[in-house]
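Given next are the chains, with one letter for each unit.
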Amino acid sequence: MTERNILHIRDLDISLGTGDKILNGVDLAIAPGKILGVIGESGAGKSMIGSAIADTLPVGLAISRGSIEFDGLTLTDMTAKTRRDLLGRDIGFIPQEPMTALNPTLTIGQQVGRHLARIGIGSARKREQRAIELFTEVGLNRPGELLKNYTHQLSGGMLQRVLIAMAFASNPRLVIADEPTTALDVTVQLKVIDLIAKMREAHNTSVLFITHDLQLAAEVCDDVAVLYAGQIVERGEARSIINEPRHPYSRCLNLATPNLAGPKTRLMILPKAMPSPLERTAMAGCKFTPRCPIAGDLCIGTPPPLSEISAGHRSACHWPERTETITPPPLKADDENTVLGADLVMKATGLGKAYRQHDWLGRVRRVEALRGLDFEVREREFVGIVGESGSGKSTLTKLIVGLEDITAGVLDVVGMDRATTPRERFFDRVQLVFQDPQSALNPRRRIGSLVTQSLECRGSGLSASARKQLAKDLLAKVMLPPDMIDRFPDQLSGGQKQRVNIARALCSNPRLLIADEIVSGLDVSVQAQILELLRELRKQASFSLLLISHDLAVVRHICDRTLVMYRGEIVEQGPVEDIFTNPQHAYTKKLVAAARGNSGLYADATEQEAENEAF
Amino acid sequence: MIKAVIRVIGRRLMAIVPVFAIVTILVFGALRILPVDPAQMSLPPSATIQQVEEKREQMGLNKPIWEQYAIWFKRAVAGDLGESAQYRMPTSSVVFERLPATIELVICSLILAVFVGTVGGILLFSARGTPFESVGMTLTSAVMALPDFLLALLFILLFGVLLPIFPVNGRLDPGLQVPAQTGFLLLDSLLTGDIGIFASALRHIALPVMALGLAFSPTIVRVLHSSLINTYQQSYIRQARLRGLSDREILFGQALKNAILPVVILVGTQFGSLFGGTLLVEMIFSFPGLGNLMVKAMQTADLSVIMAIALIYCATTLIFNSLADAAAYLLNPKLRTG
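Heads up: the sequence lines are chains D and B, in that order.
Start counting the first sequence at 1; every next residue gets the next number (my numbering).
Start counting the second sequence at 1; every next residue gets the next number (my numbering).
Treat the hints as calculated values from the structure; they're not laboratory data.
Incorrect hints may have been included.
Said to hold, decoys possible - Below, computed lysine-lysine pairings styled on BS3-like, alpha-carbon distance capped at 25 Å:
#1 D:K148 - B:K63
#2 B:K3 - D:K148
#3 B:K334 - D:K148
As the list claims (entries may be wrong) - Taking CB as the label site, the calculated pair distances span:
#4 D:T327 - B:A127: 56 to 62 Å
#5 D:L16 - B:E133: 21 to 27 Å
#6 D:E237 - B:L330: 53 to 59 Å
#7 B:K3 - D:D13: 27 to 33 Å
#8 D:A541 - B:I229: 44 to 50 Å
#9 D:R366 - B:K63: 52 to 58 Å
#10 D:K347 - B:I22: 26 to 32 Å
#11 D:N259 - B:I229: 42 to 48 Å
#12 B:I22 - D:Q110: 52 to 58 Å
#13 B:L187 - D:T56: 49 to 55 Å
Heads up, the beta-carbon is just placed ideally off N, CA and C, and yes, glycines get one too.
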């Protein structure tokens, strides 16, 4: 390497006050103009790298060893003031949630203007000119108008473009992008990624790309580093790590991710969870040992060094060559061909929903959220609903459970009239599980009382011990240990909480389960656990599932049929394989292309997107 | 923008009208339930039963209560609030003569409260994590526990008796000529350029303003402090820091505008108690305003004056609430731009 690295992290440790390590001996380097991906699940410590560079580590955490060099300067030796001066000038940041990353009480123009003033553009007129230039560069239409807008008037994709424009405004040497697309819709995600890649080229900037998404990293990064339990377990060229992983963790992550193409398999399930910093301190050997399918005795006592396997490819495993032998469990015979019941659980005919909106003058405007929906859900059938935000997925859920009134057509749900059926009887048959497992559980109740909560409104007359037994049975169904009934939600991990939510929904033996993005907030390995759990549950209890998801691969993985929603209409429906291998509607084609990472297909779709986002 | 401001404020003020109408009915009804006879009060004690009866007929007191209210309402709309039994003068002139003094007192107190509260809130927030924060919290708790009249007495003791730097009664030094224009002494003396009177008025109003204003400010300190802490947890603050903005720029350029909203709402909703506080404080400082008048009117059962002052209290509170509402609305771009 002739050129000096822009970022060079050497042997970095970040520790808690107790001495337990969040990051342990991290070595990273980015050459000028390159994109380095850091891949890891939550708790791996990936965001700490960005915070350490920016000197914004949370209270209680500190760098305890190692150094961070930026463009020849040793950041870890500099004063806080000098370090802050680098931020926004030489080091730019692209945040995870564009919707909350700008101040809602200031206009876009005020915020961009202040940033431009800070990086040395003197006059207000020049700042506006530069802002418009930048906005045009990142593909924002009508930049002049945008400057006068507030954040709530822009979509997530547009805000992320604004933030990218700000990050690159000073031609920084390094941009740190922390999960920049996680909060965005599928079709927008790819364009944002493309934009970051394009800006990197135009400004010759190095990018540190932090993500949990292997596929995405493969798409944009030159090199990647896989982080597990605060340590880098594998590092090298992006392609070779994605295609030929040499560390069991990378391989397992890959196998736990549902695919859009290729033969369907079961997802790889990693037992247990990533060790906490406290647990790591007590582990002498490789931190992945308890979950590793190929671990041997050597792994328990001796930590494997991050050693070179082939040119530029390093893996921290005693047996890198055995990685290939890890294969996902084969599909069982009854995994796929579920016998559907004859009865319909739900049937919608010409279903529609229109809202009356009042603007500030009190003028009434009719907004059609759903138009002419026709679909059926049969007994035991798993149906996926895909579509982007604003497509009407949530409105449909509200209509099904009766939170909103239907304004057109007929909707028959489990043969009950929502208007006359008492609520408790209706919800015996229809249950919901929501996206955020945390907020759905009352933190003051124990798990046992939470999962059997639906008994309370009916006065089932169950004795305390019978109820306890029922709770244990329900927990067993979702593969949680029975002694968990006495715990509180805060003592559980995200994946465990979501299982509790599923157990609670199953308490009344519902015929229809509505799952609204139930895996989207979860890590890949936890998502795999939940998806395989749903597949198993279908064999025991005969319920139908309506799975609402933005992730086509998830839908393909466990659903029989899918509905594609776009702007309040079902534009396509059919068996998952048909839809995803041979999409008919233009929008479905676009969705599938976006999910496959095929950005070329809609190089001409900028206008379409502007239209979408305005909507 | 200015159009939007006028529209919003106008709409809020319009909403007051029906509320105010209902309040007049309640106050009117309450005063008629009192076991005092306005007819008797308005006549000399030597009046015969015959005279009282005639007076009652003349005042319309024998009519059903809603008819009495209708009569009062008609006259009030025309600007006639009846006659003060105590002063034998039209109630309106009795009341409006003293109104400016109270308004002056309330506005000055409010300015002091908001100023001390905002500065204190920012200081307390800046001291977060240090021992000064706990000191500040304890101090604000202590002041919050003191009612305004107790503060008033304390200030008299401190600055009027032990360390006599401020006068403790009236609005002006005796012997000074008042160049009556608007009734607002501070304003009038400035307009006529009479610095002597201005200084005297300022020294007289200082202690009552301190009592009222400082009693209110700790609440503002606390609300702003917690609101700032809340705002600093937002991701746009973190993002601003990642753009390299200094602490000062983040506080004043980014956070304060978001954090001040709860303070605006607090001031709007608590304004009534500040105004109500003038009653005792004016008494204590013999400050010739509405509060003092109200106390005298109660002692002499001067019903029309009580009614008029009660309605002024009520109207001011309502108007101020609405202005605060409008301000909160205008500070929130999401509401403003729809």
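Status of each hint after checking the structure:
| no. | hint | in the structure |
| --- | --- | --- |
| 1 | D:K148 - B:K63 | 63 Å, violated |
| 2 | B:K3 - D:K148 | 17 Å, holds |
| 3 | B:K334 - D:K148 | 13 Å, holds |
| 4 | D:T327 - B:A127: 56 to 62 Å | 60 Å, holds |
| 5 | D:L16 - B:E133: 21 to 27 Å | 24 Å, holds |
| 6 | D:E237 - B:L330: 53 to 59 Å | 55 Å, holds |
| 7 | B:K3 - D:D13: 27 to 33 Å | 60 Å, violated |
| 8 | D:A541 - B:I229: 44 to 50 Å | 47 Å, holds |
| 9 | D:R366 - B:K63: 52 to 58 Å | 53 Å, holds |
| 10 | D:K347 - B:I22: 26 to 32 Å | 52 Å, violated |
| 11 | D:N259 - B:I229: 42 to 48 Å | 46 Å, holds |
| 12 | B:I22 - D:Q110: 52 to 58 Å | 43 Å, violated |
| 13 | B:L187 - D:T56: 49 to 55 Å | 50 Å, holds |
Of the hints listed earlier, those the structure fails to meet are numbers 1, 7, 10, 12, in rising order.
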